[in-house]
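A.B. asks: Spelled out from the first residue to the last, the chains are:
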Amino acid sequence: MTDLIGFTREDAGQPPSLCPAYASTVPRSPRQPLVRIPQTLTELTGPAGCWDNLMGSALADLTTQHKAMPQGQRIIVAGRVLDERGRPVPNTVMEIWQANAAGRYIHSKDRWDAPLDPNFTGAGRVVTDAEGRYRFTTVRPGAYPWGNHHNAWRPAHIHLSLLGPAFATRLVTQMYFPDDPLIEIDPIANAIPLPYRQRLVSRFDIETTTPNWALGYLFDVVLRGRDATPFEDDHHD
Amino acid sequence: MTEQVNPAPRLDNQDPGLFGQTPSQTVGPFFHYGLPWKGGADLVGQSEMGARPELFPEDHYVLNLAPPKGPVSGQVITLEGVVFDADGKPVPDAMIEIWQANAAGRYASPDDGRTELPLDAGFIGFGRASTSEEGLYRFKTVLPGAVPGPGDSLQAPHIAVSVFGRGVVKRLATRVYFEDQAANDADPILALVPADRRDTLIARKTKGEQGDAWRFDIVLQGARETVFFDI
Chain A
1 MTDLIGFTRE DAGQPPSLCP AYASTVPRSP RQPLVRIPQT LTELTGPAGC
51 WDNLMGSALA DLTTQHKAMP QGQRIIVAGR VLDERGRPVP NTVMEIWQAN
101 AAGRYIHSKD RWDAPLDPNF TGAGRVVTDA EGRYRFTTVR PGAYPWGNHH
151 NAWRPAHIHL SLLGPAFATR LVTQMYFPDD PLIEIDPIAN AIPLPYRQRL
201 VSRFDIETTT PNWALGYLFD VVLRGRDATP FEDDHHD
Chain B
238 MTEQVNPAPR LDNQDPGLFG QTPSQTVGPF FHYGLPWKGG ADLVGQSEMG
288 ARPELFPEDH YVLNLAPPKG PVSGQVITLE GVVFDADGKP VPDAMIEIWQ
338 ANAAGRYASP DDGRTELPLD AGFIGFGRAS TSEEGLYRFK TVLPGAVPGP
388 GDSLQAPHIA VSVFGRGVVK RLATRVYFED QAANDADPIL ALVPADRRDT
438 LIARKTKGEQ GDAWRFDIVL QGARETVFFD I
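Chains A and B are the protein sequences, given in the same order. Take 1 as the starting number for the first sequence in the working numbering and just add one per residue. Take 238 as the starting number for the second sequence in the working numbering and just add one per residue.
A portion of the hints provided could be inaccurate.
[Stated by the list, open to error] Covered by chain B, per the in silico footprint, the following chain A stretches (three or more residues, Cβ under 8 Å): (1) 32-38; (2) 116-130; (3) 133-141; (4) 217-223.
[Unchecked claim] Some chain B residues well away from chain A (every beta-carbon gap over 12 Å; in silico): (5) Gly311; (6) Ile314; (7) Lys326; (8) Leu380; (9) Lys444; (10) Gly445.
Simulated from the structure, these hints should not be mistaken for laboratory data. All C-beta atoms in this analysis are idealised placements derived from N, C-alpha and C, irrespective of residue type, glycine included.
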């Protein structure tokens, strides 16, 4: 399989599995070192191009899934999915889920007593176009308290899940908002060392903002990219 | 109109100097209405395995309603196990994904160019399962065929696994091998795993709650910690 091109390994912006300030990682992160393996056909392939057979067809507007408009500040989130060399990743699925405008998830285990919104589920998915572009409409999620430590609050965030072209490129992340002071004191955002944490902060964009309709935010997602050199064995060290 | 433009208050996603891999974040505890669809864990049939629709109101289910499936060649298997934390407690808010070749050893991916091997029209080989309150995940799929490894080597039948969950900051990657496969002894990836930890990657034949099953527990930490890979 000498014609396969492998993907770059993790860069310095990826978090360690153990982040003690985020208490749930303490019993849920491995202590043994990861075993480094070469990327084989297994890691270099993935269910590309058939996402609608798996997760379902696109749901790019999270504000029109029910009888009426949800409560909250309507926003548009747009951007591109790219690889590390800046090349677009076309026809790839991005799954989206989030809390409502009050910071409450439509989930029976969410005990935060902010109101549920019957007109907002907070789940959707988009697929990138030939230039890697995506765009979805939602409401800005609220911050909410959680039990990690005294007076802990999660900054407003949108969960994003991407398959990318291969098993090796799988990514789940969270997008934050530029005017949110909670980012700096959030153990989950702080799992990412500076300056890389700022990669998770979207940018307000007046061009994406639609007059008399919705504020716009830009957020590009960068997946691991194919190495420049053909992959044969594990010579990356 | 003024020409005033807001300065960026801090570095952000659009700063060219920060360009690079988007960092991983946890799925958190509330992913069930957003990720694991009904049937996501059944790669060969029409069941609704994989989802936890009891965790949110029915009218908020917006995931795939009818994943198309078709005839699949090979041996249908059940793959199941419990996800445990460092204290031996089951993890009720984990999500497991699998990726595998079909029975002929071909991946349903444009990057597997071995067109001489058959594809099954109804089989993609990707699945997703949430764990139950008891930490149990269960897939229905087919036993994969052997696939090429580095150089001229051949890999024993295996399934690639991703583990996500609350408290799991980045995807944990591992593999399932099957105990009755003679090819395990020559597998180039198993050979990279310390011998005394290799058995954490081997599924065992068991009598499960729903009949014969391959049992593959996932231990996130501690004694018998599952081997996870840097890929």
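A.B. asks: Please settle this one: leucine 380 (chain B) was flagged as non-interface, so is its CB more than 12 Å from every CB on chain A?
C.D. replies: For leucine 380 (chain B), whose nearest Cβ neighbour in chain A is about 15 Å away, the distance exceeds 12 Å, so it holds.
A.B. asks: Please settle this one: isoleucine 314 (chain B) was flagged as non-interface, so is its CB more than 12 Å from every CB on chain A?
C.D. replies: Given that every Cβ of chain A is farther than 12 Å from that of isoleucine 314 (chain B), nearest at about 18 Å, it holds.
A.B. asks: Go check the region 116-130 of chain A versus chain B for me, would you? Three or more residues, Cβ under 8 Å, otherwise it fails.
C.D. replies: holds (count 4)
A.B. asks: Looking at glycine 445 (chain B) again, its CB stays over 12 Å from all of chain A?
C.D. replies: 25 Å, holds
A.B. asks: Counting residues of the region 32-38 of chain A that have a beta-carbon nearer than 8 Å to any beta-carbon of chain B, does the count reach 3?
C.D. replies: Coverage by chain B holds for the region 32-38 of chain A (6 residues, Cβ < 8 Å).
A.B. asks: Examine each Cβ of chain A, and state whether all of them lie more than 12 Å from the Cβ of glycine 311 (chain B).
C.D. replies: Label holds. Min Cβ-Cβ 17 Å, cutoff 12 Å.
A.B. asks: Given as covered by chain B, does the region 217-223 of chain A meet the bar of three residues or more with CB within less than 8 Å?
C.D. replies: holds (count 6)
A.B. asks: With d taken as the least Cβ-Cβ distance between lysine 326 (chain B) and chain A, does d exceed 12 Å?
C.D. replies: 8 Å, violated
A.B. asks: Would the non-interface assignment of lysine 444 (chain B) survive a Cβ cutoff of 12 Å against chain A?
C.D. replies: 29 Å, holds
A.B. asks: For the region 133-141 of chain A, does the count of residues with a C-beta closer than 8 Å to a C-beta of chain B reach 3?
C.D. replies: violated (count 0)
Violated hints, listed in ascending order, are 3, 7; each of the other numbered hints is respected by the structure.
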